[in-house]
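Using the hints provided, position chain B relative to the given structure of chain A.
2 protein chains.
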Amino acid sequence: MSYKIITISRQFGSGGRTIGKEVAEKLGVPCYDQELIAMMADESGFSEEQVKELDEKEVRKKLITTRAERALNSSYMQSALWIAQEKVIQELAEKGPCVIVGRCADRILKDREDTLRVFIHADQDKRAERIVEVYGERDEAPLHRVREKDKLRENYYERYTRDQWGDARNFHIALDSGELGIEFCVELLEKLYKAE
Amino acid sequence: MSYKIITISRQFGSGGRTIGKEVAEKLGVPCYDQELIAMMADESGFSEEQVKELDEKEVRKKLITTRAERALNSSYMQSALWIAQEKVIQELAEKGPCVIVGRCADRILKDREDTLRVFIHADQDKRAERIVEVYGERDEAPLHRVREKDKLRENYYERYTRDQWGDARNFHIALDSGELGIEFCVELLEKLYKAE
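Heads up: the protein sequence lines correspond to chains A and B, in order. Start counting the first sequence at 0; every next residue gets the next number (numbering that gives the first Met the number 0). Start counting the second sequence at 0; every next residue gets the next number (numbering that gives the first Met the number 0).
Pulled out of the complex, with its shape left as it was, chain A reads as follows:
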């Protein structure tokens, strides 16, 4: 074990992003999360707003549209964006040590031996509590919001990777942050990264 990159896949509200940022800080390496949107926009030629829209809305549409409508939606723009995403993530990995949160980076970098693949999850109730506490999300029932985001992320992951979202076998380590605590997760990943 000797890692250069950590990818963090995470359930909404599990604290995966916080864990990524804190681990990166402790290791003195950059953490890429929201920054990836701008990079993908740059790479693909879409605006940041378009990237965000395509990202969520197209996957959301998948849930409600007919097969014919899906076929129309799923063509050029999405493929272009996915290709841009792969390129951005592969280039970041080449550039130097870093932490990458989300965006199927675990699958995009799955053949790199220098990459520690992490999954962070927690039970629905704890995540619902957390999104209210940390993000101040109050516009809709938090448990409903958690379930909706879970579904969106699952669809997105499975659509692009053709793999099962949340399968432990796709990760070197999977942690229940609600049970183990965010601090424990951060320390453990720091230790793993530094281990020879």
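Please keep in mind that the hints were generated in silico from the structure rather than gathered at the bench. Here a beta-carbon is modelled for each residue, glycine too, at the ideal position from N, C-alpha and C. Everything hinted at is true.
Listed next, the in silico DSSO-like pairs over lysine-lysine satisfying Cα-Cα at most 27 Å (straight line):
(1) B:K193 to A:K193
(2) B:K125 to A:K190
(3) B:K190 to A:K190
(4) A:K150 to B:K109
Restraint ranges, calculated between C-beta atoms of paired labels, are given here:
(5) A:V28 to B:D122: 23 to 29 Å
(6) A:E34 to B:D162: 33 to 39 Å
(7) B:A37 to A:R161: 40 to 46 Å
(8) B:Q163 to A:K148: 15 to 21 Å
Cβ-to-Cβ under 10 Å is the rule here; a few derived chain B residues that face chain A:
(9) A167
(10) N169
(11) D175
Only chain B this time, still in chain A's reference frame:
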């Protein structure tokens, strides 16, 4: 986090049993693995041989028989054995601190807050190597044997728990022992168990 029991679910050849035994030794608590067969026999009234046969063969049959044959097989004996298994595992958990390997103990004890639920896995090639090295299994192609056992375990788990085998969200921690090493997994679980 404060645990009394550790359940270890594991892929065949991943070293999950070794990890369970070593953690139990370090913690000075019993580890139940093969011993469960005798206890289940005792509880159910079947012989140990019958338990072993029912265990594997019935699940194996599921792969090859018709629906009508399955219906005939799946009745009394299997249900009786599953009930005995639940009872044995619940009683062990009541009795005192321990490590329990396999037998869907994670699902049987899922409502106990004093139980740390662990999944151990590794990639197929590493597991195939390990079964030759450690168990000396040479009677058939090791990779074929690994795949067959994976299928059996998956069927068994999903049949009785109605849950997805290997889903990270069912465990507090899931570890790739081929990547992280058995020693690292043992130390980590010991630390987690002892943490307040």
